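Q: Spelled out from the first residue to the last, the chains are:
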Amino acid sequence: MQRSSSTPRGAPVRARLVRHLASSLTIHLTRLTALAAVAGLAAFAPAAARAQEGVVAGTVLSEGALAPVTGAQVVVTGTQLGSVTDAAGRFRLGGLTGTQVELEVRRIGFRPTRAQARVGDTELRIVMQLRAVELDETVITGTPGATEKRALGNAVSTINAAQVTEIAQVNSVHDLLNGRAPGVVVMPSTGAVGGGARVRVRGVASLSLSNEPLLYVDGVRLNNMVATGPESQSFSSSPISRFNDINPEDIESIEILKGPAAATLYGTEASNGVIQIITKRGTSGAPRWTANIKQGINYLRDPEGRFETNYQPVPGGAIRSLDFSGLQEAAGYDIFRNGHLQEYDLGVSGGSPLFRYYVSGSWEQSEGAELSNYLRRYNTRANFSLTPSDRIGIDASLGYISGRTRLSPEAGYGGTVWSTVLMSPANLNDNSAAALAADRRGFYTGRTDEYNRIYLLWQDVSRFTASGSVTHTPISWFRHRLNFGTDRTDEGNNTWYPRIDELVANPNFGSEALGLREIRDRQVTYSTLDYAATASFAITPSLTSATSVGAQYYRTNNGFLYAYGEVFAVPGVSSVRATSLNQSYDEDLTEEASLGTYIQEQVGISDRLFLTAGVRADDHSAFGSNFDRVYYPKFSASYVISEEPFWSFPWANTLKLRAAYGESGKAPETFSSVRSFSPAIGPSGTAAVTPRDIGNPNLGPERGKEIELGFDAGFFDERLGLEFTWYRKRTMDAILDRDVPGSIGFIGDPANQLFARQFFNAGEIRNSGIELLARGRAFERENAGLELTFTLATNDNEIVSLGEEGLQFVTAGTYRQHRVGYPVGSWFERRIVSATLDATGTATNVLCDDGSGGGVNCNTAPFVYLGRTVPKVEGGIGATLTLFRNLRLYGLVDWKTGHKKLDGNTRVRCTFFGGRCRENYYPLEFDARRVAGVQSGPNVTVPTIVDFLIDEADFAKLREVSAAYTLPERWARTMGASRAQVALAGRNLATWTKYGGLEPEAMFMGGTRGGSNGAWEQTTLPQLSQWVFSINLGY
Amino acid sequence: MDIMNIQSLARRAGALGAMALALTACDKLLEVDSPSRIPAETIEDPAYADLLVNSVVADFECALGSYAVLGGLIGEELDDATQTADRYPYDIRNAQPTDRRYAVNACQDLGVYAPLQTARVTASNAARFLSGWSDAQVPDRQAKLAIVRAYEGYAILLLGEGFCSTVLSTFDADGNPVYGTEITPAQAFAEAEARFTEVIDATPAPPDSVRNMALVGRARARLNQGNFTGARADAALVPAAYVKLASASDDDARRRNRAWAQNSATSTATSVGAPYRNLNDPRVPVLNTGTNGPTGIPLWRQLKYPEAESPFRLASGEEARLIVAEAAIQANTPADLLTATTIINEFRAQGNQTQLVAPTQAELRAALIDQRRRELYLEGQHLYDLIRFNLPFDPAVGTTFPGGGTYGNVRCLPLPNTERFNNPNLG
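From first to last, the protein sequence lines are chains E and R.
Taking my numbering, I'd label the letters of the first sequence as residues 1 to 1035.
Taking my numbering, I'd label the letters of the second sequence as residues 1036 to 1462.
Bound-form chain E, shown alone (with noise of 0.2 Å):
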């Protein structure tokens, strides 16, 4: 239900005013937290070294190429004492007494195992045997503690960060989960550095809400927003994600729940999944320094093959091409530029049994292949362990970015791909005088080097989170925890056109090289506060029981200040007291909250059969007034049959069989529920209203439904591991937000890119597909292993029902459509199927789809469907080759097929902005269907049609190579290290595909063209390519 109270008079300005303080503050304790912890730290190390007793060191490697395992939990059984291994397999245990100690060694994808050491053994060998599949691996399900994975009824997939990062060269978070776990798609925007993706978990669930996943670091809810930043594109998209803010180098793993069937714990806003992010933590022992440099280039990948050559009439008639060549040469500099990437990472980890902690710092700065855009940030995290007791554990961690990322502009905003896309013969300099004078040297509007030099975008952004976490066991069956933490995220967003007095005359620019600033800020808390608790029996020998009940609060505080000016008086200022025109300001605030509570039982027999069941119930404050709260339900089973007495199947050594059935929501956006009118300025100043959002008072959340069945199997001694999972998820009471008539008059709040809209519940999505792991050890020999990971996930998509008796379709943006018996936001359009061309070229006797197979009149041919947006199949496959123990090769390949995209390149090449194709002048070299679309248009017989730019998008891209090296430890002792890793790594290095636009993977995340399923690529950088170079010591 939604609720509201009123703010008392001034309240907004000192909320404003604590708000500002409250965010200084935060920096300055969040800097001076950082630099404190890592200068104690650094004190403390050699007190911790001196205070160790006894030691044991060695090394943990893999059975049969004996490569070193990395990041394995080395722990002495019985106590809090641990250790992690470097990147050379090694741990080194202190503060050791006795004459002999048992470790336990856990590594995920590895059999956990025990070993015997004498204390003050300082060579010791443990070999770890690869487990395609491990039943005994802990996963986070939102009760107390851990929970192994042979409990569970349902999949998760889980992502070995810290592995992937030694190995690969990752940017962001999105570039760990992309091909890596079977479901999970992620689609880019841009290939501009900073440039975020949207994450899509088993298809599109939602209509109209967001479809991205909830986000969770150390158990405390995060911003997961996506899209935000500056309008670098126009049509409303920027494209940063705060996804990306984490650094992947502090990551341990990430855990992936991926619906309803997983994620009924996690209540409403969970429907689309759960990403779990778990952060390195530190081990006991001496303080284990990690240092790590990274040196390479971003570039733009083959743009003479990318680009198309432009045709276009010149004075005389003739038609004269340019290419990517020829405007390069004409331009006389380089279009694009070979990016620098750096980055430095520092990292202690440490402590004792009492306490354990694990410090980072990095700085990076990563410089795009368009001239302005660039990434600088630097990012701390300081995570502590604390036991005081064998019933106490607390868990604290902290951390704190900051950085710039400055964007080029794109797509309807100008720039350096929308003026190099329209390259134009007729605007070289040696065309024409007038062409001279402009001296725009081939480029469509702006040369790029102007464009780069007059529209100043970029986000700053500082981003705190700080969380924790108590956890007591009281009595032996008995354990709570109370996690609690805050994500504050300071956004600012910022325009610049600094006055240049010489571009005003330049007719591209004009006025706008007056000046213009414009700033938008955003304050965004989110808070979290979760209490669990879990009872554990046996009732008998052989049945167990585990009940748990919980409840969460989160909140979220939304604050957004504004200000506009334009026209600076001179060059040089750029703040908006600066301008002297059209000065605008704005502030907002907009808040949300839910308050859930869950109660789950869980059953064990044997150890082997599973059968949980549980129930949470939800309120939140975006419910309308006639809504209350929601109950979802779940329940699950898993079976262990490798474990029966009667299982005589050696060469598959483990089975695992689930089912699980779940519940979960969506809650509506905040105050959808709402009729509502914004604040205006009436005439002489008076104060005024005008209608904003017409609301609905019966809103309610969507409901998911999901069924999930799979097995996990290991076979031939464990040297092939198999998940597969089918699932069935129906998201019930679907909210669909459509268009309001302009004639209602509500007309939401436009300014702010925000149409009218009404929310309502409506209709039946179903989703349906599998999803496949696979992992094997290929061959392994002493000094020679291969491993291989092949991932492969289906989706089938479709609206069952929109709600209302009759009700076939709603628009969902340009050539979009919520369809009846369709995925979730196809292109609809009407579709050429034949024509003929005379002699001239000219397309005639164009007829379209009948929307039965046969041909019709274009001008009164039905809309028909074209295809999804969202990828159908999904997969990736990964191989790591170990030579020599220290050498190991790598590589992914990953796929995505079953979806079109709008080539808007294509679009306004040859249509919207007259005619630049070959098509245009040499159309009988074309087929007739295509050059009729090209010659489409209000004007003629046939009107607009844009079928022929409904392309299809299936690709696969050589995403990863590397090639690291362990070096010798003489060699690293000669740089002053106890080890070293050198590594070279690739990534983006080629592309297969048949898609006619420049990236097959770009497109708008928001706006007309964009938003949640929206699949339009216009004029946007294509992914880069990245050679890094690394080195890694520990010390």
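Possibly wrong hints are sitting among the right ones.
[Said to hold, decoys possible] Pulled a few chain E residues facing chain R out of the computed Cβ check, cut under 8 Å: (1) A505; (2) S511; (3) L514; (4) A563; (5) E566; (6) V567; (7) L581; (8) S676; (9) P683; (10) T690; (11) V740; (12) G742; (13) T811.
These are calculated hints, taken from the structure and not from any lab test.
Remember, predicted model here, so these are calculated numbers, not experimental data.
Heads up, the beta-carbon is just placed ideally off N, CA and C, and yes, glycines get one too.
Fit chain R to the supplied structure of chain E, relying on the hints for placement.
A: Showing chain R alone in chain E's frame:
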């Protein structure tokens, strides 16, 4: 793990569960702040009658500015000088019902359909509330009611003039939408006329300024319906010096004069259209900046609205006289033609034009059209003159557009798909 009896387990779990579920009753925790949104029920109060009236005026004034510019682009009063999607489809005359910009954009972003509908609905709702309240609750209630009805009439009038068809939805007494059906411009003009008539016939009589505003509006609506006699009768009642302005200010972007925002010393988004560049008429003050836009067109600046605060003229004695002249030309008697000639020659004198001597009816009609485009330049009038007089396209359909492509033939804006696809009465 301890072994214990199931009863004990159930008791403990039940207690914990009950505690947890009790938390969901904490409604206080779910209270959220909404400092910039005003719930509808807040303003539906007689105490806010003035606020409602001011809101009606504000919504209409912003919509009028946007309509004047967009109509000016279609009607050659302005040319797009940057070739962005904001203006290009209108200047090239190929606006399509799929285009969302004219349909849903805010008035400050050159939307016209939604802003005009907002102005109409705001006025309609205000009239509904004012009608339901008493004179004791609202001082000058009848005058306020007349004002909002007059603005409602003008909003409907512009929807009829600018769109090939339109829809007039309303709200019932419970605040539920009552969706309208698609109506023709003629039907819209009849609806507008009814609103103006309500003002003119109101008792007690509204203030003269409001009544004159309604008289000019009804004369215009009647003219559009071919009721020349009725139009002339209304127009003749309007004092020559009467003028009703739509105010503008520099308070915020929404309040600024939209023509100035699109064409001024600080905005080269548009240029003055070619037919208006060399009139040498003080009523169409322009300046050649000597520079070209990106598409090569010369940049001419309009000087009629030199500041953000420059008001638009909504209704005036001048317009009324031109209506009288037009009706007289239509009547085509010697006396009427003389009346029309006299009026038109007075206007021609203002424009430094020679006087007409014994013109024919056709010559007078051409002269009238010429005077209307000069006198009412960039006031949101010329687009419908092009339509109702069926004037030739200039440039002709098929002429190469400076930014690429060719000029089309779309004059009246089509009913947007956002209305057609989402209004349950359409489809």
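Q: Next, verify each hint and record whether it holds.
A: How the hints compare with the structure:
1. At its closest, the beta carbon of E/A505 sits 6 Å from a beta carbon of chain R; the interface hint therefore holds under the 8 Å criterion.
2. At its closest, the beta carbon of E/S511 sits 5 Å from a beta carbon of chain R; the interface hint therefore holds under the 8 Å criterion.
3. With a least beta-carbon distance of about 7 Å to chain R, the hint placing E/L514 at the interface is held under the 8 Å criterion.
4. The closest approach between the C-beta of E/A563 and any C-beta of chain R is roughly 12 Å, which is over the 8 Å cut-off, so the hint fails.
5. A distance limit of 8 Å between C-beta atoms decides the matter here; for E/E566 the minimum to chain R is near 6 Å, and the interface restraint holds.
6. Here the hint on E/V567 is kept, as its CB sits about 5 Å from the closest CB of chain R, short of 8 Å.
7. The restraint placing E/L581 at the interface with chain R holds, with a minimum CB-CB distance near 5 Å, inside the 8 Å limit.
8. At its closest, the beta carbon of E/S676 sits 4 Å from a beta carbon of chain R; the interface hint therefore holds under the 8 Å criterion.
9. The interface hint given for E/P683 holds, since its Cβ lies 5 Å from the closest Cβ of chain R, which is under the 8 Å cut-off.
10. Because the smallest distance between the Cβ of E/T690 and any Cβ of chain R comes to about 6 Å, under 8 Å, the interface hint for this residue holds.
11. Restraint check, E/V740 versus chain R: the minimum CB separation of about 7 Å is within 8 Å; hint holds.
12. With 8 Å as the threshold, the beta carbon of E/G742 comes within range of chain R, its nearest partner Cβ sitting at about 4 Å, so the hint holds.
13. Taking 8 Å as the C-beta contact cut-off toward chain R, the hint placing E/T811 at the interface holds, the least distance being around 5 Å.
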